[in-house]
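Take the sequence shown: its position 16, counting from 1, is numbered 16 in the UniProt record's numbering, and each next residue is one higher.
If you're looking for bench data, these hints aren't it; they were derived computationally from the structure.
A hint or two may mislead.
Below are the DSS-like pairs computed for lysine-lysine, each with C-alpha atoms no more than 27 Å apart in a straight line [to be verified]:
#1 K294 to K100
#2 K427 to K134
#3 K320 to K344
#4 K179 to K344
#5 K294 to K320
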Amino acid sequence: MTGRTGLTLVYNGELYNHATLRRSLEQEGVAFQTRSDTEVLLRALEQRGLACLEELEGMFAFAFSDGARLTLVRDAFGIKPLYYALVDGGRRLVFASELKALLVDPALPRELDRTSLFEWATFRFTLGERTLFKAVRQVPPGGTLEVSREPDGTLTLRAGRHSPPRPLPLPEREEDRIKLLRERLTESVRGQWVADHPVGIFLSGGVDSSLLAALLAQGGSREIHTFSLADDPTLPDLAVSRRLSEALGTHHHEYSFEPDTLLESLPRSICSLEAPGEPTIVESAAPLIRNHVKAVLCGDGADELFAGYVIHSLPGPWLKSCMEGYNRMIRTGEIPQDECAAAKASLHAMAVPDPAAAREAVYRFFLEGQLTDAHLRVWDGGSMASGLEVRVPYLDRSVRDVAFALPWEQRIRGRVRKALLREVARKVLPASLAAVIVDRPKLAAPSAVRRTAEALDRAAREILPSDEREPHPLQRYCATPAQRILLDLFVYLFIGRGGDLPEDFRWRELYTTHRRELTEALTRV
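Build out the structure end to end from the sequences listed, making use of the hints.
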């Protein structure tokens, strides 16, 4: 969309407070021609420049240009992806919300980044702005990138930040802090559901999504659809979700997929996620959910913000596992030091003797790394492939500010993780279910697919070739047969085909029918 001043905007996302921002701009004399949030963002940029970024509540990736310079912007948590690359000797910049779109450009080399591969092998996601492609970077969460042209025709990139955490003085009494967090969550949930169509929410049976559903129901939403997903119909989480749905009066939908069904969707899942990841339930369920709602809320982000993982209280076993994988790859003698420097620095920061410094490093690592590049990637990639929009109320900046202000003992109290958030849930959930939901462990959504992971491991051992004459060029990054399958599929689909999935492709034939194409793609890594 191009404005009256010549400013051009390319936009992907959703502004939850666009109506409020529109009214504010109208009071300044700004006239609108449409009802879209795209025009609201364009007029705000024309009127207020980059200062308007502090006013935006939503998930977004966008670029705008006044003809002299181009600016890329990504939301505070990186809910929406934003990739870019310099090509043609630094004289041209390409950008997109999908890697596949960039790979269409013949000038972009499809070369894997070995440092990123090392990080993927260690953590299952990449660190910082790197991607699995050497030439491609991502604008970081809360980041801006200003692009201008030098007299010699080359482009200069200048990175910036927006929407930093806002200092928040907390009330002294815990009861008042519980009230404050409840108010912020209520505002976020209702603010993210301003549409007139039916409401959807992923309901896992755990405290995070259950609290959101209860807040939504208390707000008087007229038609709430809840969706529970699993690869095992006997999981106790499903029974708890049914009970809560009945208590709240929602239209409940339960989708259970057999492992073989999920495994068959593996190539499609890798293409959607644009990463060598396991099949996810959300990718398979999204087309079914889209029949009922256009957008759905999820509880992601609560564990990262309020310290909900076992790792937050007992990081030792996880760190030990990461260090073992790290050392295994180092011992091969084939890993250059520059490949492992960032992973080494992250591991060492989380293993320092000072307990307070170590727990803060763990907290930041999962909030700034895993949340964006593992979890949010699953939700956005897996759902948008079917035109389903996933919204994340816990990642509202006002909720973030409360979480950041909490002392550690209100995140973890003894063995109780997410301590203050659980107290909010006790007050909001139906009395008959509050203790059941708040005090019980649950499986992780959207990856509650233990049986599928086991089936993938068995299948990988069966189909991996036993007659390889040459060492696999990426074997050192694969600790298990399943990881080898995932990485080979990624190479075949993205290095070999630019993310284009053949209609007749069967991944179990990767080392037979498609072996020649895979071998050719591997020569290019």
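### Query
Taken at face value, is the distance from the CA of K134 to the CA of K427 at most 27 Å?
Violated, at roughly 49 Å.
### Task
Mind checking the alpha carbons of K294 and K100 for me, to see if they're no more than 27 Å apart?
24 Å, holds
### Query
Straight-line Cα separation of K179 and K344 no greater than 27 Å?
41 Å, violated
### Message
Please verify whether K294 and K320 have alpha carbons no more than 27 Å apart.
### Response
42 Å, violated
### Message
Please verify whether K320 and K344 have alpha carbons no more than 27 Å apart.
### Response
13 Å, holds
In this structure, the earlier hints numbered 2, 4, 5 are contradicted, and the remaining ones agree with it.
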